[in-house]
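Undergrad: As a plain string of letters, each chain reads:
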Amino acid sequence: SQQGEEDPQALSIQEGENATMNCSYKTSINNLQWYRQNSGRGLVHLILIRSNEREKHSGRLRVTLDTSKKSSSLLITASRAADTASYFCATDPLGSARQLTFGSGTQLTVLP
Amino acid sequence: SQTIHQWPATLVQPVGSPLSLECTVEGTSNPNLYWYRQAAGRGLQLLFYSVGIGQISSEVPQNLSASRPQDRQFILSSKKLLLSDSGFYLCASDSGGGSSYNEQFFGPGTRLTVL
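Note that the protein sequences, when read in sequence, are chains A and B. 37 is the number that our numbering gives to position 37 of the first sequence; each next residue is one higher, with no gaps. 89 is the number that our numbering gives to position 89 of the second sequence; each next residue is one higher, with no gaps.
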């Protein structure tokens, strides 16, 4: 079963707006990661946040983690058409022997 | 960083035919290797992972098998393909036991269509 579930499933915004995607998970984790996938391509790692961190920034990306609510959010500020892609959260559950469990993804479309 | 090579990029095979997808890794030693399958518009399903040569763990019972004949080579196989084997297959690697963080690097994927 999927550990992480993204919300919304699809999101369409105008260029320049901010995009927020959410991820919920079920069990305790070592860390949570966000990945991006362009259509028909492999996934690219964006950012990792550890279970003892609450917020992390990387360029236009901001990730938050609330372990009490078992949820995370990914914020992309000042979106660009090139940000159009699917975004997945992946959790590293405690005791998982380093395996990641991926959510079903959010399809983000940024309109020019 | 690591580079993951996968081939072929696309493959169309008849039901009942064999399958061999290959994945090789550059830029790291002793990686953990993973095979995932992705249905259209869905997330990733972990099929197999390997922590070392000849060590394969299967996550789901299925018509597929995996092998790791060399440290940086991972092969996905089937003796007889089923229609349900169609999908997008992704190979991934992380840094193995030497790293505290297990971010994964992905190959470009193979689109398999079974007719």
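Rather than coming from a laboratory, the hints here were simulated on the basis of the structure. All residues carry an ideal CB built from backbone N, CA and C; glycine is no exception. Among the hints, a few may not be true.
[Unchecked claim] Which residues of chain B face chain A? A few of them, derived with a C-beta cut under 8 angstroms, are:
hint : residue
1    : Arg-42
2    : Leu-44
3    : Leu-46
4    : Tyr-49
5    : Leu-90
6    : Asn-102
7    : Phe-106
8    : Gly-107
9    : Gly-109
Undergrad: If a hint holds in the structure, say so; if it doesn't, say that too.
TA: Hint check results:
1. Arg-42: 6 angstroms, holds
2. Leu-44: Cβ of Leu-44 of chain B sits 4 angstroms from chain A, so the hint holds.
3. Leu-46: Holds, about 6 angstroms.
4. Tyr-49: Cβ of Tyr-49 of chain B sits 6 angstroms from chain A, so the hint holds.
5. Leu-90: OK, holds: Leu-90 of chain B within 8 angstroms of chain A, min 6 angstroms.
6. Asn-102: 5 angstroms, holds
7. Phe-106: Since the shortest Cβ distance to chain A is 4 angstroms, the answer is holds.
8. Gly-107: 5 angstroms, holds
9. Gly-109: Hint holds; Gly-109 of chain B Cβ to chain A Cβ min 5 angstroms, cut 8 angstroms.
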